[in-house]
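If you read the sequences in order, they're chains A and B.
When we follow my numbering, the leftmost residue of the first sequence carries the number 1, and every step to the right adds one.
When we follow my numbering, the leftmost residue of the second sequence carries the number 415, and every step to the right adds one.
Among the hints, a few may not be true.
Far from chain A, by Cβ distances over 12 Å, these chain B residues were calculated [stated by the list, open to error]: (1) S441; (2) G447; (3) Q533; (4) G637.
Listed next, the in silico PhoX-like pairs over lysine-lysine satisfying Cα-Cα at most 25 Å (straight line) [unchecked claim]: (5) A:K170 / B:K573; (6) B:K530 / A:K7; (7) A:K7 / B:K537; (8) A:K170 / B:K589; (9) B:K573 / A:K184; (10) A:K135 / A:K170; (11) A:K170 / B:K487; (12) A:K170 / B:K530; (13) B:K573 / A:K135; (14) A:K186 / A:K84; (15) B:K489 / A:K170.
Label-pair ranges, simulated between beta-carbon atoms [said to hold, decoys possible]: (16) B:G428 / A:S197: 56 to 62 Å; (17) A:F11 / B:L514: 28 to 34 Å; (18) B:G541 / A:R240: 36 to 42 Å; (19) A:N188 / B:Y424: 48 to 54 Å.
Treat the hints as calculated values from the structure; they're not laboratory data.
We treat Cβ as the ideally placed atom computed from N, Cα and C, and that holds for glycine.
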Amino acid sequence: MLILSDKNVRFQAAVMVLILLLLIIVSQIYVMRMAGDYKRNMIAHDAEIAGYLLGNGLDEQLIKMAFTTQKTAVDQKMGTAVLKDSGYDENTSNFLLPEITGFQQKYAFIALALSLSFSLLLLATFSFFLWKQDKQLNDAGKKIQGFMDGDVSIRLEDSYEDHLSRLFAKINTMATALTAHMEKEKNNRLFLKETISDISHQLKTPLAALQMYNEIILDEKPGNAVVVDFSQKSQRELLRMENLIQNLLKLAKLDAGTIALEKNTHDLNEFLEKCRSAFMTRAALENKKISLVCDRSIRLCFDEIWLNEALGNIIKNALDHTKAMDSIAICGVENRLAIEITVKDNGSGIHPDDIYHIFERFYRSRYSKDQQGIGIGLALSKSIIEKHGGTITVQSELGEGTVFHLIFPKLTNL
Amino acid sequence: MNILSTLNLYKTYGMGDTKVEALKQVSFSVSKGEFVSVIGPSGSGKSTLLNMVGALDQPTSGMVMIDGREVHKMKEEELSVFRRRNIGFVFQSFNLIPELNVEENIVLPILLDYQKPDQNYIKELLGLLGLTERKRHLPSQLSGGQQQRVAIGRALATKPAIILADEPTGNLDSKNSQDVMNLLKLSVDQYHQTVIMITHNHSYASFADRVFQVNDGMVRELGASRR
Numbered sequence: 001m002l003i004l005s006d007k008n009v010r011f012q013a014a015v016m017v018l019i020l021l022l023l024i025i026v027s028q029i030y031v032m033r034m035a036g037d038y039k040r041n042m043i044a045h046d047a048e049i050a051g052y053l054l055g056n057g058l059d060e061q062l063i064k065m066a067f068t069t070q071k072t073a074v075d076q077k078m079g080t081a082v083l084k085d086s087g088y089d090e091n092t093s094n095f096l097l098p099e100i101t102g103f104q105q106k107y108a109f110i111a112l113a114l115s116l117s118f119s120l121l122l123l124a125t126f127s128f129f130l131w132k133q134d135k136q137l138n139d140a141g142k143k144i145q146g147f148m149d150g151d152v153s154i155r156l157e158d159s160y161e162d163h164l165s166r167l168f169a170k171i172n173t174m175a176t177a178l179t180a181h182m183e184k185e186k187n188n189r190l191f192l193k194e195t196i197s198d199i200s201h202q203l204k205t206p207l208a209a210l211q212m213y214n215e216i217i218l219d220e221k222p223g224n225a226v227v228v229d230f231s232q233k234s235q236r237e238l239l240r241m242e243n244l245i246q247n248l249l250k251l252a253k254l255d256a257g258t259i260a261l262e263k264n265t266h267d268l269n270e271f272l273e274k275c276r277s278a279f280m281t282r283a284a285l286e287n288k289k290i291s292l293v294c295d296r297s298i299r300l301c302f303d304e305i306w307l308n309e310a311l312g313n314i315i316k317n318a319l320d321h322t323k324a325m326d327s328i329a330i331c332g333v334e335n336r337l338a339i340e341i342t343v344k345d346n347g348s349g350i351h352p353d354d355i356y357h358i359f360e361r362f363y364r365s366r367y368s369k370d371q372q373g374i375g376i377g378l379a380l381s382k383s384i385i386e387k388h389g390g391t392i393t394v395q396s397e398l399g400e401g402t403v404f405h406l407i408f409p410k411l412t413n414l
Numbered sequence: 415m416n417i418l419s420t421l422n423l424y425k426t427y428g429m430g431d432t433k434v435e436a437l438k439q440v441s442f443s444v445s446k447g448e449f450v451s452v453i454g455p456s457g458s459g460k461s462t463l464l465n466m467v468g469a470l471d472q473p474t475s476g477m478v479m480i481d482g483r484e485v486h487k488m489k490e491e492e493l494s495v496f497r498r499r500n501i502g503f504v505f506q507s508f509n510l511i512p513e514l515n516v517e518e519n520i521v522l523p524i525l526l527d528y529q530k531p532d533q534n535y536i537k538e539l540l541g542l543l544g545l546t547e548r549k550r551h552l553p554s555q556l557s558g559g560q561q562q563r564v565a566i567g568r569a570l571a572t573k574p575a576i577i578l579a580d581e582p583t584g585n586l587d588s589k590n591s592q593d594v595m596n597l598l599k600l601s602v603d604q605y606h607q608t609v610i611m612i613t614h615n616h617s618y619a620s621f622a623d624r625v626f627q628v629n630d631g632m633v634r635e636l637g638a639s640r641r
C-alpha cells in the first residue's frame, strides 16, 4: 500500500474511519431509542382505546382479549373497512394525528442534528489536514524564496516518508547542485579576472620598456631617414598595442562582473561638453567639426568614468570614419520614457553587410580601409551601456553618414 | 560549498575507568565533489568517525552537518530516512542481499524509498561498472571485485549527497583493488559525487583530493598547510 506509507495520509484515514464508526454506533443507538418510543406511543394509544371501550360498557374480558390474542387477516380487513367509513385510514393526513406529527418532528430534529454534527466533524478534520499540508507547502515556498534570496544553506524538511518529503529531498539535491555550481562559477570568474590582470601587468612592463627604447632611438637623431621613419611607425604601433591591452583589460573586467559602477546623478550637458572637449584638439588637427546640442536641464544617473569611455569610443569611431571638413553632431534629448544621446556624423557610413556585426569583438570590416582600429572599442561601449541599463543602436547609410543612439530608459519614473 | 562539516566532535565509549575517548575535538569540512581518504592505524577512530559522519551513531558532543542539515539533532526515525536519501555506503564485506540479483541489489535503496528507479540511469550505471552482462547473476556467482562494484552501484543509485566507503578494497586482491579504486574514482568524477573513504593502503590514499589522518581520535589533514 504505497499510499498508506504517507504518515499524514495514514493518520487522516484513521481519523476519518473513527468518525464514521462513531456515526454508525450513534445511529444504531438512536434506532433503539426510536423503537422504544414507538412502543410507548403504541401502548398509550391502545390504552386510550381500551379505556374508551370500557367506559362505553364493553366486556372487560373481551377488551383484554382484543389486545392480547393473535389476530387474523380477516380481522384486519374487517377493521380497516370499519375505520375507513369514519375517514381513518392510511391516507389520513398526519396533521389530524397529533401523535404521528410529534413523533416525526422529534426524530426529524434528532436526525438533522446528528447528520449535521457529523458532517461538520468530517469537514473540520478534512480542513485541518488540508491546512496542515498547506502550511507545509507554504513553509517550503518560503524556504525556497530564502534560498533564491541568497541564503544557500537553507534546506527543506525532508526526513519523513510522505510524498512531499520525497519531493523536498529532490529539491534539496537540486539546491546543493546549484550551490556547488554557483561557487564554481564564482571561482572561475575570480580566476579569469586574476589571470587577465596578471597577463596585462606582465605585458605592460615590456611594452613600457619598448616605448622607452623607441624614444631613445628617435632622440639619437641618426640622420637616417629610413630609421626615423620606421621608429615613428613602431612608436605608433606601440601606442596602438597599449591601447588594445587597456581596452581588453576593461572589457574583461566588465565581463567578469567584478566592476561595480559608481553611479551618480550628473548634468548631462556638462558631461557631453567634457567628452567633446577631449576630442577638440584631434578634430581641429584633422579639420573636422564637433557640435553639441543638449538641454541644460537633463540629468542622468551614470558612472562618469565608464560612460566617458563608452561615448569616447563612439566619437573616436566617428572621427576615424570621417574626412576633413566633415562634421560630427552630439545631441542629448529627454522625453517621457528615456534619455537619448545621439552621435551623428556625415562620414563614410557603414556597409550594410557590416552593420549587424559592428558591436562584435574583433570584428573588422572587409570594406573599411581604416587600418588603425582593432574592433574592440564599440564592443566595449556596448558592454558599458548595457551595464547602465541602456541600449545602443546604429543607423547608417553608405556614403551618407552614421548615427549612434544611446538610449537610457527612465524606468524609475514610470 | 560545504556538503559535510563537523564541529568539535567528541565520542566517548564506556564510563569511569573503562572510558575511551574514540574521537576528540574533530572539526573539518568537505566540499561537494571532493574525494577524501582517511588513513590511520587500527583502533585510531577511523570507523567511529565514519559512523558519526554517516549518521549511524550519535556523537557524545559536537555537531555534524550534512548538506545544511544538523544530523546530530535528528531522531532515529528521521535519521533512517535521511540516510536512505542522502548517504551511500560501501562496506569492506560488500553486504549484498544474497537472494537478489545484481540489478535488484542496485535498485534496492530506491525501492526502499517507495520510488520508481530511472531505468536509463540504472542501465548507464551497470555499463559504467561493467556489470551489464551480469545483471541477472546472484552475488554468489560473482567475484569479490565484482561484488564490490555492485556495492558501489548500490551506493550511487540514489545519487546521495555523500558516499562513505569503509575499506572498500579490504577484502580484495591487488588487481581487483586497483579496478575497484579506478571505478570509484571514475564514477565519482562522472556524477560529481563526494566520497569519504577509509583505507589502509597509502597508495590508494593518493587517489584522493585530500587525505585525513586519524591518530588517537584526533583528525589531522595531511598537507593542509599547502591548500
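Going through the hints against the structure:
{"no.": "1", "hint": "S441", "in the structure": "holds (17 Å)"}
{"no.": "2", "hint": "G447", "in the structure": "violated (6 Å)"}
{"no.": "3", "hint": "Q533", "in the structure": "holds (18 Å)"}
{"no.": "4", "hint": "G637", "in the structure": "holds (20 Å)"}
{"no.": "5", "hint": "A:K170 / B:K573", "in the structure": "holds (10 Å)"}
{"no.": "6", "hint": "B:K530 / A:K7", "in the structure": "holds (19 Å)"}
{"no.": "7", "hint": "A:K7 / B:K537", "in the structure": "violated (33 Å)"}
{"no.": "8", "hint": "A:K170 / B:K589", "in the structure": "violated (37 Å)"}
{"no.": "9", "hint": "B:K573 / A:K184", "in the structure": "holds (20 Å)"}
{"no.": "10", "hint": "A:K135 / A:K170", "in the structure": "holds (19 Å)"}
{"no.": "11", "hint": "A:K170 / B:K487", "in the structure": "holds (22 Å)"}
{"no.": "12", "hint": "A:K170 / B:K530", "in the structure": "holds (13 Å)"}
{"no.": "13", "hint": "B:K573 / A:K135", "in the structure": "violated (29 Å)"}
{"no.": "14", "hint": "A:K186 / A:K84", "in the structure": "violated (100 Å)"}
{"no.": "15", "hint": "B:K489 / A:K170", "in the structure": "holds (21 Å)"}
{"no.": "16", "hint": "B:G428 / A:S197: 56 to 62 Å", "in the structure": "holds (58 Å)"}
{"no.": "17", "hint": "A:F11 / B:L514: 28 to 34 Å", "in the structure": "holds (33 Å)"}
{"no.": "18", "hint": "B:G541 / A:R240: 36 to 42 Å", "in the structure": "violated (56 Å)"}
{"no.": "19", "hint": "A:N188 / B:Y424: 48 to 54 Å", "in the structure": "violated (38 Å)"}
Going through the hint list in order, the structure does not satisfy hints 2, 7, 8, 13, 14, 18 and 19.
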